[in-house]
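*Asks:* Per the UniProt record's numbering, residue 1 is the first one in the sequence shown, and the count goes up by one each step.
The reader is advised that the hints may include incorrect statements.
No more than 27 Å apart at the CA atoms, straight line, and that leaves these computed lysine-lysine pairs for BS3-like [unchecked claim]: (1) K149 x K92; (2) K59 x K6; (3) K110 x K92; (4) K59 x K147; (5) K59 x K8.
None of these hints come from the bench; they were simulated from the model.
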Amino acid sequence: MNELTKLKIPLPPDAAPELVEDVDFDDPRQWMQSAEDVLTRPLFFNVLQGMWVNIVRAKGQGVVSRHRHPAPVTGYTLEGTWGYLEHDWVAKPGTFIYEPAGETHTLYCKGEAGHMTVLFHNFGPLIYIDENGQQTGYEDVFTRLEKYKAHCRQSGLGEDFVRRLIR
């Protein structure tokens, strides 16, 4: 095996710093409630490109959210089972999904496992819809960021906890 040598090549002067984030799955202050029995832990807010990365946890069986994606999304299942009512597949630990722009679906937590934990990378906003496809809400990186700032202020973590996640 070769000897390990640390490189001494600096980032370009205008590059954003890297982000290394350790998630404490047991610290409730880090987890923001987004719906009944659904918690979200943001990991990264890219305000230049309008995207964010987060972990979504849900308990029990039922609908997590119904929405449309004007931009792609990727997801990786860490625990549990989940799916979209509009598709036949079921995600389980290790399942990777890619959702193209325009995808509209109803995310639900499957009863087999009774929970889900999924890492999602949202490349753009979410448009929340009702069962008839009519818009009921909207969320983008800025609305998500403001919600998490408010959550962290209220939980005692403070806004500095959130600022670390912004690039």
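*Asks:* Provide an ascending list of the numbers of those earlier hints which the structure does not satisfy.
*Replies:* Per hint list: 1, 2 and 5 violated.
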